[in-house]
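Start from the sequences, fold in the hints, and give me the full structure.
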Amino acid sequence: MASVTASVRKGQRRGSLLEYIVMGVTVAIVLLLSVSVQGFATLGNLRVIASNSAALLILSCGMGMVIISRGLDLSLVAVMVAGAATFAAFSNAGYSEPAVVGLSLLTVAALGLANGWLIAYVEIPAMLATLASAMVIAGVFRFAVLRGEFLLLLPPDNPAVVFFSKDIAPGLSAPVAAMIITFVVTWILLRFTTLGRITYAMGDNFQAARLIGLRVRPATLMIYMYAALTALVAGLVIAASSGTVDFRTVANGSLLYEVILVVVLGGIPLRGGRGGMRNILVGCALIAVLRNGMTLFDLSTQTQDMLKGVVLIIAVATDNYFNPRDTETDTVGDL
Amino acid sequence: MLSRVKSNLINIATGITFCAALALGAGGAQADPNLKGKKVIFVPIAAGLTLTEAWSRRVKQHADYYGYSFDIRDPAFKMDAMSELLAKAISDKPDVLIVHNPTVQLLTRQIKEAESKGIRVVQINLQSNQPSTAYTGANWTRIGTEIAEDIVKECGAGSGKSGEVSIIPGQLTAADSVMLNQAAFKVFAAHPEIKVVSNQASDWEPEKARQITTTVLQQHPNLCAIFGHWDVHTMGAGKAVKDAGLEGKVIVYATGGGDDKTCQAVEDGILNRVWSYDADGQGRDLADLVDIVLQGGSAMDHSMLNIDSPLTVIKLGPDYDKHLCFKL
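These protein sequence lines are chains A and B, in that order. Yeah, the first sequence ends on 335 if you go by the numbering used here, and it's all consecutive. Yeah, the second sequence ends on 1328 if you go by the numbering used here, and it's all consecutive.
Derived from the structure by calculation, the hints contain no laboratory data. Do not rely on the hints blindly, as some may be mistaken.
DSSO-like cross-link-like pairs, simulated, lysine-lysine; straight-line CA separation at most 30 Å [to be verified]:
#, chain 1, residue 1, chain 2, residue 2
1, B, Lys1060, B, Lys1117
2, A, Lys166, B, Lys1315
3, B, Lys1078, A, Lys308
4, B, Lys1242, A, Lys166
5, B, Lys1153, B, Lys1088
6, B, Lys1195, A, Lys308
7, B, Lys1088, B, Lys1078
8, B, Lys1249, A, Lys166
9, B, Lys1322, B, Lys1249
Next up, the structure:
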């Protein structure tokens, strides 16, 4: 029994070489920037990096959980903007604050449920189902809530804007607090709950999990619902900080790419079954520091996208070199 | 008695002649521009933006009045979709094609093709490198120069400020950003105390502008001015300035269509000085220009007809009025 648990635990550790490489690269970049850019290694800059990456980390928690279960949620950013738009619409209509929050949560949970249902019960592959639902959700909410407009400017008295502009504790802003809470909740879910165990089992070997009687279908529903909820939190953080609900972030695609990049760079393989919150933290740290550094060096958006692509290629190639796939780690239907 | 009849007849004849002249004169002075059944197609960068909605509204009013058809083809920000929609629009052989250019280079070939096929092309607000029948819109060089000169006055030598400026274009290759930056940098070249510390494009997104500005403010807390190339995304930058507690110390400049949200932002202190080209007025200019071109109007030497939009500077102060902005 002890040897079985030991090998299971070892299995969860394997493939984390990428994580160490990424950690090393992050430290190297931090050192480089501290030396070459005045004012980088200050508490103020750390706070800036944290607040700029809050939404990214929140989304990565949801996406990380989905990817560990061997799924993929390409509709995450669409749900994020749809949730923020719903929140704005209900608060403009004059409902009370708890009602607005409750209704938005219900809407977003329904969207996640729909995704999960398509994947678990209709058995459409996750990538295709969420790709399609992304377009449907973005289109429906843009036309139903925004009447065809792309942008919704939020008034400064909007409850989300007011709440997320405050500091929860001295030095701790509300978006950063939301980020920490989402991170901790996801960690607890993955580590200590049955849902978390089923998630890892599904990612490791879906058929085996199903055959030994784990309730994979309800688990799928809950995983996608949780991802949708994290998307709502991220959407409110972004809407509050920028003062707008912007459907072009969906069409743009760069935020979704960054979220997947964070998860993959952190060491969670797209075929699932391995990884945890530390991987997400490491991946997010690299992307956050990289983004901050590129802005400080005044690199154009095109150069920034190019660098991010190069970083991804190098990371995946390095991982492949140090972790060649063998019959044990290779799984059928690999992404 | 005969003389009485003769004078009566002369009176009546004069009267009839006079009335006839009046009636003919009244009827002949006004021409009827028969524009019924003509076809106008508009390909904007995206419908669903206040700018393009404001323009479309005015052109539709004129189209309904004169009886010509007005059709909007919406690429929703996708560049390749825009080229395809333009190709389809050209094959539909409209009388006038209204084009909104995302970059100076993208649609040059298609505009040339349309003009050669006899389709009159009117460019709105963002010029291409390829001239066509007519252009109406903001004069970006003028806006860039005026804003840069204002920045020099506020932040340059003798102002006691640091002279540091952050520029936030939408996209570095977009027509307006190219011209605004060219004009601004020309002014700044003559004033070496002005330092442009950041020139990062925000993809027209307020959130990206906010993140860029938060980072820049962290590194340059003595930043004097921010020059955003579109008022909507500059609002994100303005929010970052407010969140950093630097409201009033950093002057936020922007340019845009001047709808009521812009005035609200100026009142809230998120934007400080906005060079508005009044999208609603531009819509009327565009509609008038389309009517003129449909009636055969063009420059006598076949160069491009050019109607620059008048500018208003919206800022708090004695000249501020909510009605400087329009409501869609």
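Straight-line Cα separation of Lys1249/B and Lys166/A no greater than 30 Å?
holds (22 Å)
Distance restraint between Lys1242/B and Lys166/A, which requires alpha-carbon spacing of 30 Å or less
holds (13 Å)
Under the criterion that the straight-line Cα-Cα distance not exceed 30 Å, is the pair Lys1088/B, Lys1078/B satisfied?
Answer holds: Lys1088/B to Lys1078/B is near 15 Å, not above 30 Å.
Holds or violated: Lys1195/B and Lys308/A, Cα atoms, limit 30 Å.
holds (28 Å)
Between the alpha carbons of Lys1153/B and Lys1088/B, is the straight-line distance 30 Å or under?
violated (49 Å)
Is Lys1078/B within 30 Å of Lys308/A, Cα to Cα?
holds (22 Å)
So if I understand the rule, the pair passes when the alpha-carbon distance is 30 Å or less; does Lys1060/B with Lys1117/B pass?
holds (25 Å)
Does the structure keep Lys166/A and Lys1315/B at a Cα separation of 30 Å or less?
holds (28 Å)
Check whether the Cα positions of Lys1322/B and Lys1249/B lie no farther apart than 30 Å.
Judged against 30 Å, a Cα distance of about 24 Å means the pair holds.
Comparing the model with each numbered hint stated earlier shows that hint 5 is the single one that does not hold.
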